[in-house]
Amino acid sequence: MPDAKKPPESPSAPSKKESSLARLFTSPAWRSIFRHGYEDSPRNRVLQVSANVWLHLHPSKTRRHGIRYRHTWCAGGLTFLLYLVTVVTGVVLMFYYRPVQEYAYWDVKYLDFDVPFGFLMRNMHRWAAHGMVLFIWLHMLRVFMTGSYKPPREFNWVVGVNLLVLTLLLSFTGYLLPWDQLAIWAVTVGTNMARATPLLGHQGPFGPQLGMTARYDARSFLTAGTLVGAPTLLRFYVLHCIFIPIIASILMILHFWRIRKDGGISGPL
Amino acid sequence: MAESLAPIDSGLQAEEIKVTAGKRRAAALSELPDKVHTWPYLVRAEFIAGCVLILGLLIWSITIDAPMEEPANPTKTPNPSKAPWYFLGLQEMLVYFDPWFAGVVAPSLIIVGLMVIPYVDINPKGNGYYTWKERKFAMGTFLFGFLALWCVQIVIGVFFRGPGWNFFLPGAYWDPHKVVAMTNVDLPYLLGARTEIGQMLVGMALVGAYFSLIPAVWWLLRDRPWMRELGAVRYGIVSFLFFTELGIVVKMVLRWTLAVKYIMVVPNVINI
Ligand code: HEM
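Residue numbers (the numbering used here), protein chains in the order written: chain A, 1 to 269; chain B, 1001 to 1272.
Bound-form chain B, shown alone (with noise of 0.2 Å):
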């Protein structure tokens, strides 16, 4: 693309020398058709990336080999067993909740809360070009939960958990007789209930009134245009999916802060 700037900008050299360099390639830009031929100057760009990709790939799979271990062996179950990688941050939720949620709920509200985002960011700025300012909340929410909830639980997940899931530094030695003091109550308990139903009760008001009464009278508060533009399907299904991507993060406060194993107790149907 340098070649083709060149004579424009040489071009207006000559007519208009006191403007600054900044302006004239602005200027220059603004000037030059918006399309170029694919070939040659993407066929190019494309060629050289998947040159680069091939040979590094060629250099990798030439130094380092694929992993293969021990035949099968179903008698004997290594400590730690780890999913592959890209599903440890899943594997990771298991610390804080029950499989139902961690493996199966929580990966399907990430798929459909994926696929409905174009559905429901109905903001029209920030179509096509990079801004922080015009989409604040919508690259907040997603910037958080893949990088804090996604790739830094695959981090620790990898590199950071050792015998009986229990924290490890990286090359530390692993003791699988580590022992970790837990002194896990829920949060009802916490609040002072005492009896079963009465705990089961006050841990689905809990969770219904963060999901519902938190939204609601945030909604009747706060009165905005743009809540009215949403419409309240559209906020409904952002709120629920935001609360839940918040409540990892609170249920995993709680649990470093409060050794708060569960939040609601439904004995032998439901914990959360």
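If we strip away everything but chain A, and leave its shape as in the complex, we get (with noise of 0.2 Å):
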């Protein structure tokens, strides 16, 4: 906590009485890298968001009910927070993953067993996963609830409905990675459905007519083929670790920057 007898900063070399601390937060390494000063000042409030590349996500100022945890939940925030650690572990199940077939299974039962700490970053992953699953629903519930869809703000939501369609993908195309039973069932249980897609399923109302097969239809595009086998293995795991997450990224840096645009947090007035 900054100390409040502290005289005021000075750029020039701090004085003997001074504090190692505040001799730190005058060196000029860390103002090299900080770019403001560090006591409790408006104006270093302002710059320690406005001159941080993350904070600055936020405006320097936010209107007073929009900090409170029972206006906004902090749902939002807390999906992206979740989606940062699905990024995070994800990226070390990889060094192990292989998404073919043959070994799929046992990477994943050696990142359980053997791996040092495999088994905290794939069940932080999976449970992140489901927390985000979790998290975005209540966040759609609170804007929904706020009214926060409303003008000025309706494009954000469209936007975010998007986010909720590509959340719900990530975490399908997740479920068949670990090629166990509960993975190739539900992901075919799943995909199965589309073989009744309206027009474009092999099974689904004027498809048939259309010319669908089970070799060419909706359902043979999600899974690479008749069944879910070791092509539907790789397209999901392209898709859940490369196509899908490159699209919500960029997808949620225009939602917050839309969130900024659309003049901050909503409220009344």
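No lab work stands behind these hints: they were computed from the structure. Treat the hints loosely; a few may be bogus.
What the hints assert, rightly or not - 25 Å max Cα-Cα, derived DSS-like pairs, lysine-lysine:
1) B:Lys1076 to A:Lys109
2) B:Lys1125 to A:Lys261
3) A:Lys61 to B:Lys1035
4) B:Lys1136 to B:Lys1125
5) A:Lys261 to B:Lys1035
6) B:Lys1035 to B:Lys1178
7) A:Lys109 to B:Lys1082
8) B:Lys1178 to B:Lys1082
9) B:Lys1076 to B:Lys1178
10) B:Lys1251 to B:Lys1261
Here the structure is a predicted model, which means the values were calculated and not measured.
Taking the hints as your guide, dock the two standalone chains into a single complex.
Okay, here's the thing in structure tokens:
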């Protein structure tokens, strides 16, 4: 915590009386990284946010009600935090996991039992992904309940819905990767639905009439074949680790930028 | 924030001793500037929430292992085969609807329906604060859909479904041979239609009337100012989405009470 009695900072060399901490904060090295003083002044409070590439996602001042947990439930921010957790732990998993039918299951077993902290990385990845699904629903619920999709935030709500779909797809594609019984059958149940797509599925309304077959329809497009097999594993791996995260990240940047452009957190008035 | 309130609070106290505590607080609040510094107030709140979440996740991940079953075996189908929990609301819909609706059209309509909300809800009230009174219809349809048709169905799917997708109480023995007596009939048959073509026509009339006649009659009979403001296009979109949501409930109730399988049957093409 900043020391209130500390004399105002000066760019000149610190005097003998100052504590070593204060000397650190005024040292040239420190000042080359953080372009503002450390003591608690309004100017520094503003710079703390606006001169920091991560924090300046935020405006330097926020409307009073917007910082209350009961207004936002922090649900959007926590969704983002959980996403970051899955990215970090996911990259660790990628060092050990091979999306090949013969290896996938045993690579995950290896992670669980032999890799130092491997079980923790996998557990955190899994549970953070589930948590993200939960928190994104909570976030949507609160945005709806505060009517925050109303003008001028209509488009950001649409961006949000796209993020919701991508989050569910991320979770779903990841579900297959351990290549155990749970994985292939859950994905089988899920992708089987695509058979029934109207027009585009070989068992859907008007599908057969349009020439859809089991080898060539919406489902075989998803699973890369007529059943959930080795090609599906590779396809879901690429979608899960590369394609969807990139799109989701781009949309998140857009989402955050729009929050500020739309006037910050919504509120009465 | 408590500390930033304090000096103003005590200042007012000295001036107007007689004002009640509630009024004083309100007065103090209204005199505060509308904005506060993001650092430290917002960043602190986020930091605390983030720490709690990460701590909870760590403890959870150390104590509970992510599921890992036997290696995948395409020849051994588990019964029941469940989708991931967040899709079980849709799998549950398979009890009442054919896959083209439960698995494809319903989720697509949910996504599209969510996206159009800001463009069809033209009620300016309730923008940025919690209120039930000022937007009962919007709140009601959304919360009913989210809680009753999504969350509750997920709970049923996760905890109450066993072999053959039959209903089991949690912890009850999963008898793989459980047989549930079903005398499913189609609604047109119940209404007396006996020929295939007759049933088809009755079914189409029922579905068509449900989606178009009810909203149209409602539009003509109850000419309210808000309807004019909404305009025919928005009104049409809202009523289609609303009656689809309600239709799911209607079909569920018809199934539970009259064991209705389909409301409309067009053989080899589409069943609803
Ligand atoms: C990956 C998913 C998402 C992330 C990381 C995310 C993140 C955030 C954050 C950090 C905020 C700031 C306020 C808060 O925390 O509540 C926010 C606001 C907002 N979000 Fe999201 N969000 C996501 C998904 C969604 C979804 C699914 C919707 C709606 C369907 C949505 C609609 C909005 C809207 C309209 C706002 C502005 C709210 C206001 O100004 O009060 N977001 N989002």
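Quiz item: Against which earlier hints does the structure fall short, listed by number upward?
Solution: 6
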